[in-house]
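Enquirer: One letter stands for each residue in the lines below.
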Amino acid sequence: MSTYTAPLKDMKFVLHELAGLAEVAKLPGYEEASPDTVDAILEEAGKFAAGVLDPLNATGDREGSTWTDGAVRTPKGFREAYRQFCEGGWNALPFEGEWGGQGLPRLVSTPVQEMWKSANLSFSLCPLLTQGAVEALLLRGSDELKRRYLPKMVEGNWTGTMNLTEPQAGSDLSLVRTRAERQGDHYLISGQKIFITYGEHDLAQNIVHLVLARTPDAPEGVKGISLFVVPKFIPNEDGTPGKRNPAKCASIEHKLGIHASPTAVMVYDKALGYLVGEENRGLEYMFIMMNAARFAVGLEGVAIAERAFQRALAFARERIQGRDLVQGGKSVPIIRHPDVRRMLMLMKSQTEAMRALAYTTAATMDFARKHPDAEARKRHQAFVDLMIPVVKGWSTETGIEIASLGVQVHGGMGFVEETGAAQYLRDARITTIYEGTTGIQAMDLVGRKIAREAGTTAKAWLGSLKALDAELAKSANADVKALRAQLAQGVQAVSDSVNFIVETKDPRATFAGAVPFLKLMGIVAGGWQMARAALAAERKLNSGDKDFLHAKIATARFYGDQVLVQAPALRDTVVKGAAGVLALSEEQFLAA
Amino acid sequence: MKVLVAVKRVVDFNVKVRVKADNSGVETANVKMSMNPFDEIAVEAAVRLKEAGSATEIIAISCGVAQCQETLRTALAIGADRAILVETAAELQPLAVAKLLRAICQKESPQLVIMGKQAIDDDSNQTGQMLAALLGWPQATFASKIELAEGRAKVTREVDGGLETVSIKLPAVITTDLRLNEPRYVTLPNIMKAKKKALETLKPEALGVDVSPRLATLKVVEPPKRKAGVKVPDAKALLEKLRNEAKVL
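Heads up: the protein sequence lines correspond to chains A and B, in order. Take 1 as the starting number for the first sequence in the numbering used here and just add one per residue. Take 593 as the starting number for the second sequence in the numbering used here and just add one per residue.
Okay, chain B solo, but in the shape it has when bound (with noise of 0.2 Å):
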């Protein structure tokens, strides 16, 4: 069984972002750049997976500027066994890296497409769904476990009040929740044998997928800065102040 796992580079989870000095957007330029948390795992889940003896073959897909050969090349060293880069220095939007996704897929024909329930730069939690709906297969979102069996994955999923667990026929699309599983520390060997995995780039146009963005991003700025709190003398005076000014009583 084929498992396709998207990773996306995304700005590191430990940089304070700062957004750039004309409102347009966050600033990257000399940013430590990593794979989004939950894509990484993604491709835990993938691989174990193939070490259940469930999966024959991961595939690690990244769209974006070439730099992203970084984030396949961790993906490969986590275990995936070879990588395609759509590379474009285009803006991606989740419905463009969708149909990006989708055309990939059905050049490859996999069984499974895992990724992260959002990436952390835009949080968007898009692409899963969108790409499902394109190639009107079914969907698990927000996994925190996976069993494979007979043609069909039983996902528990993460939702609001607690866990849902579903059975979808393959082939299908998941994606992961924090919870699904604690990603494996690279080895040294799997880092040099990761050089020597074939990773293919393709561009956009090739797959005959148009990614101009259908959103303008108007304006980028900082979260306001949060108000010094006030000291009340007593409880009465904070009932006062929930009931009038905040008004949630």
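Okay, chain A solo, but in the shape it has when bound (with noise of 0.2 Å):
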């Protein structure tokens, strides 16, 4: 059976030659992200994903967390498993110093959460929540809330989750019902929230939910919604867990995939909350965390896209079917197959494309966050906000095929539970429905980040683009030269899909090209970055891993062959596909 491997070797090339990381070491607060810890920190991770969380991932699969009697239990070995997480201390990884965390950048969080999800995404949608629960007490939660709940769950000791789900309120969070009734210093919750990853579970002592909830007097629709903090236990004033409160468990989900992550129904009966920020502001918090909750899950596009790729690559030099296709012979393993290797390589290729534009975004946020000049802070937040719904959209929508091109490569094996490729497909599966689905990513995209300020920040990134260009032609290197005409013909696509959504009056018309225009956009933004890739591999082939720098030219050039010459296509579906797509009326659908 093969098992996971963290690709330390891309994930450094990419932090080092890519991201920048020895620039983001530079701003204030990072100075301990040096390159030597760095490296020690993605061994050790490596080390404990490929030891502790990938073991219990078929198992997680196949037993599933279950439900009795309003308490869940996980799969074996995940209470244990979740336990050396904390005592590793790689909870606190993302966090703050003061609250107890690591400090260190989202640049070195990203790998590193990489590969807990790509050894184990079920598992790791713990953390991933409790992180997000972090993140709004920090924003907002009242210094009494942060000093009472942050340092037990920046441990771990406590998880968090995220309420906001319910039945009639999915993508519209505006219909959202729940109640939140005023007592002296504190709320009562009443409602049902659905879709509560780690809602109730065995592997930690309390559970603190982020509830959204109306006010009575709150006004309708989006501006009526606050924000709460509802423990599964009330905390003692000696800070343990003291009264169970009323925040129960009703059931888990049966669902295709990541079935070792409990998703509850939670209903409130009166539950004892404590507001976050101010009253009817709830929606409004939910929104600054966005970017990096959408972030996340983009990641997990590529970490199962990784594994995936891992586990297809295994079989393909194993598997002993078919003659070579020249010399004949003895049958061979599968990967001497040119169509395998085709499959591979578009595994391979956007993988790598969709890390280094994760990675690269990750350090932009890190320079919106902490460099010193405002006005660079700004620029760097406009690249970010870009650029969120496309990692969040495109890697996962590509995660999901890639899932699939494993099974294919693993044939009628890959269709069999037992061989583990299909697992990767059916936990990939959610990635591009939660946190927003691919439609919204795309409209958000298209309507907020592109319309809205008429294309400013595409432009200025579609110019940083043209730079590139002059660089890429001073190559003599044929795979290079090869790549720049994809990429030019890319940045074309893009740019004129960026000038038919800002000249299109009718929303109508570009939300019909969204999702293509998303897919358009994550293609290039790949495409820039397999070119940047393949010049600092050029630059570096008489120092470097010659092996490791000749292969990644080479599959710059695959990606600019067989991926970024889609975008052309892409860009007539964005600016004439719209007509077709409204034609029909709704009776019309019936008419067959």
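Careful: at least some of the hints might be erroneous.
Unchecked claim - These stretches of chain A come out as covered by chain B in the derived footprint (C-beta under 8 Å, 3 or more residues):
no. : region
1   : 31-37
2   : 91-104
3   : 538-548
Said to hold, decoys possible - Computed list of lysine-lysine pairs in DSBU-like fashion (alpha-carbon distance at most 30 Å, straight line):
no. : chain 1 : residue 1 : chain 2 : residue 2
4   : B       : Lys788    : A       : Lys9
5   : B       : Lys785    : A       : Lys47
6   : A       : Lys12     : B       : Lys787
7   : A       : Lys466    : A       : Lys505
8   : A       : Lys330    : B       : Lys833
9   : A       : Lys12     : B       : Lys624
10  : B       : Lys608    : A       : Lys12
11  : B       : Lys624    : A       : Lys9
12  : A       : Lys47     : B       : Lys624
13  : B       : Lys787    : A       : Lys9
14  : B       : Lys624    : A       : Lys546
15  : A       : Lys26     : B       : Lys785
16  : B       : Lys788    : A       : Lys47
Just so you know, these hints were derived from the structure itself, not from any lab. By construction, the Cβ of each residue, glycine as well, lies at the ideal position given by its N, Cα and C atoms.
Both chains come to you apart, so use the hints to assemble them.
Expert: Right under this line is the structure:
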């Protein structure tokens, strides 16, 4: 059986050559992120992911979390793994030093989190949700709430959840109905929440729910929603978990994938809650955290693609079937067959492109937070805002495609559950749905990030791609030349599409092509990264790891010929495709 | 009680080693390097002794190129208190390493030296024994259990045909076998702390040790490929082959 190995070479290449770890480590507060420390962190995190989390992935999928009388039992081994995870200090990695975290940049927590997600996506969701809840409290929690909850949550002894969705309020949270009645210094929360990841489990002492609800006099719609902390056990003065709050898990869902991660239906029956920030501003707070959450899910796409690729590669090297096309003779491993190669290269090249885009975006998030110059912070933030829906939407959609290719490489064995390839496809399937579906990401990209500011940030980015083209023009390498031509076409395609979006007045016309546009943006942003990677590899050829660097250049060229090449077609879909999308009346859908 | 742990930087156990084109040795350029797994067990053993209150200070030592610092940082992250690198680009053979370690022992006066029974690159299985001889200290090799009490170490050794328990007087040299312990996963806070621990660098000359090789490597080659097996029609044919071809019966 193949096991997960953290792709340290590629991770380090991206960190150092593309995302600018050295620059990030110069930001005030990030001095700890020196290259040797980061290497040591990646090394040890890789061992933990492979040694502790990966062995529980398939067994966790088969057993799943189970519900009995309001209690949820996680699969065998999860409790012990979670304990080790927290004792190892990994839960605290992304947080500020003030509350017991390590204060490391996002650029460092990103590859580490990619490892957790690759090794065991279901497991990784528990710390991810805690991270979201901690960030909400850091952002707007009172000093009292922070003092009481943050240290425990940073250690991981208490976990967090995000309670947004209700049966009638999914993508549209203006329909939230859960109620919060004021009572002295706290509130009583009543209502039902669904799809609550790790809403109930047996991994930690306490669970801290962050719940969106309405006060009785709140205005209708999104401006009447407040955010509350609702603990499973109400903390005593000494910080130990006290009285059980009536925040109960009514059931957990039976799902296509991520079986080990319990997805709870939560029922609040006058449960004690504490307001976070001010009344009626809950959704606003959620939006501030949304970039981080969407980024994290985008990274799940990268992670599952990597895992699927590793397994498919191992199988392709072992499975003997068919003869060499030219040499004939004895049966050979299927990796010798051109079409299997094509599939593996599609997996490899897109995974590397997505990783590079995600890490570069993570570095930009660090600059947006810590750069000493306010103008620079603003510029970096604009780029982050532009790229978040791309990282989220493109990496997860492609993650599913890659997991599906992984099954295909296995042939019939891929369709059989024991092989393990099918689990990645099932697990990946949720990633284009939660934290905003691909459709929502695409509308965010087209509407808020491009049309609203007349394409300013997108055009600035396209401008920087012209500068890259000049760099590519200097290369004598045939692969780089081929890639340059494809990238130039891709840049033109994005440019035409941005102009179309900015100039078109009917939002229905632009929204009809929003998802194809998101895909186009992703493919070209990935091409941008692969071109930078090819140049960096070329520069280092004489001093570095030749095998790796030659492979990087060849992989970048493949990406140009097989992936970037789709850009002009996507542009045509964006610009001309709306008429057909909107042509039928609703009745005509029933006409057959 | 001071404990000294010797650690070696070797090609990672997961790497499929390749012989250099000129047959002079094994390819190490751009190959992942890690701490010798037996030495990792030695560090873990020392840290457990400290956690149990038997050891007060753990010093990790490595001899070799500047990059051995990474290996020492790993030892510091597992729990060693400080580290010493004897830096040299020269090829180091067991006797040279043993002499370097002897010089360090004379400087630091530890009560116990722990190291792996052998390194997974050259499989020499000599350094610990040579060091004990040079120092005139008792040795207990291939340890699968260590207990300290009243100035002595009770060590269970894995020997052919079973386990042997010896009691040796400290100061002593112990080399570790695979089953002594399972090294812990390094924690993130300890990785961060390791960076701030002291790491001293010395040169062999400063210790007055001549590290020149005593052995010359003539040739390094890949092991011969295994030949395909044959099917025999029946037991009689098998016996015949075992007797006349393999000559084992």
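Enquirer: Against this structure, judge whether each hint is valid.
Expert: Verification of the supplied hints:
Residues of the region 31-37 of chain A lying with their CB closer than 8 Å to a CB of chain B number 4, which satisfies the three-residue condition for coverage. Three residues within the 8 Å Cβ limit are the bar, and the region 91-104 of chain A against chain B gives 3, so the coverage statement holds. Taking a C-beta to C-beta cut-off of 8 Å, the region 538-548 of chain A contributes 5 residues in contact with chain B, enough for the three needed, and the coverage statement holds. For the hint linking lysine 788 of chain B to lysine 9 of chain A, the alpha-carbon distance of about 26 Å falls within 30 Å, and the restraint holds.
Using a Cα cut-off of 30 Å, the hinted pair lysine 785 of chain B and lysine 47 of chain A holds, with the two alpha carbons roughly 19 Å apart. For the suggested pair lysine 12 of chain A and lysine 787 of chain B, the alpha carbons sit about 19 Å apart, so the restraint of at most 30 Å is met. Of the pairs offered as hints, the one joining lysine 466 of chain A and lysine 505 of chain A holds, with about 28 Å between alpha carbons and a cut-off of 30 Å not exceeded. Of the pairs offered as hints, the one joining lysine 330 of chain A and lysine 833 of chain B holds, with about 28 Å between alpha carbons and a cut-off of 30 Å not exceeded.
Proposed proximity of lysine 12 of chain A and lysine 624 of chain B is supported: the alpha carbons are some 13 Å apart, at most 30 Å. Among the hinted pairs, lysine 608 of chain B with lysine 12 of chain A is consistent with the structure: their alpha-carbon atoms are about 21 Å apart, no more than 30 Å. Distance restraint check for lysine 624 of chain B and lysine 9 of chain A: the Cα-Cα separation of roughly 9 Å lies within the 30 Å cut-off, and the hinted pair is therefore satisfied. Between lysine 47 of chain A and lysine 624 of chain B the alpha-carbon distance is near 14 Å, which keeps this suggested pair within the 30 Å criterion.
Using a Cα cut-off of 30 Å, the hinted pair lysine 787 of chain B and lysine 9 of chain A holds, with the two alpha carbons roughly 22 Å apart. For the proposed pair lysine 624 of chain B and lysine 546 of chain A, the alpha carbon gap of about 14 Å is at most 30 Å, so the pair holds. Pair hint lysine 26 of chain A plus lysine 785 of chain B holds up; C-alpha atoms about 20 Å apart against a cutoff of 30 Å. The suggested pairing of lysine 788 of chain B with lysine 47 of chain A holds, with an alpha-carbon distance near 23 Å, which does not exceed 30 Å.
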